[in-house]
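For the sequence shown, this note's numbering assigns the number 115 to the initial residue and increments by one for each residue that follows.
Honestly, the hints are just simulated from the structure, not real lab data.
Please note: incorrect hints may appear among the correct ones.
List time: in silico DSS-like cross-link candidates among lysine-lysine, alpha-carbon distance up to 25 Å [claimed, not checked]:
#1 Lys235 / Lys258
#2 Lys303 / Lys258
#3 Lys136 / Lys268
Owing to the predicted nature of the structure, the values given are computational and were not obtained by experimental measurement.
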Amino acid sequence: MMKETKMTPQMKSNKIIVPPIKSQGIKTKLIPWIEEIKPNVKGKWIEPFLGTGVVAFNSDFKKAILNDTNPHIINFYKQIQDKKITAELMKEYLISEGGLLSVAGDNGYDHFRKIKDRFNKDFSPYDFIFLSRAGFNGMMRFNKKGHWNIPFCKKPDRFAQSYTTKICNQIKAVSKVIQQEPDWTFYNKSFTEIILMPLKMI
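Whenever a hint applies, use it, and build me the whole structure from the sequences.
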């Protein structure tokens, strides 16, 4: 059983950075506990299972190897690192696609299916965020072909102004962390390759 963590004044004053990728099992509520047991790393922190990135973004590690087998998560954060994705560009995208979703036929499903089909062809990181936010119950799942196969959440007004602003603020916060840490490297490999990397560097 996990020991209950008492919030210290420092934990209360430090706002937890929530990433823009939505997924079930995200560790946002565990950040205070993780901070309490986090080791003092003098070299590079190695994260074989990045997931949404919430642990890394709240870690304060200056040097890190961040890996996940999901190529879309890694591509999204690498494009933020390269400043190809910004909060401003995402806002324009979500306002446009969210507006089309709200007026699409079949209660929004037609446009959701259009975005899903487009993503499964081009794998746009912008469409990836759209699907992760408009998919059923915050789930992320791919079939054997690597295609997105989560159904629509059936909310045609999903991307209201307040929700779009929330997502863009999350991107802005994550961008600040990623871009101020030049020694963060993102990988899309198996965890076995990642944990062996330090040995190859010796």
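Self-check item: In rising order, the numbers of the hints this structure does not comply with
Solution: none
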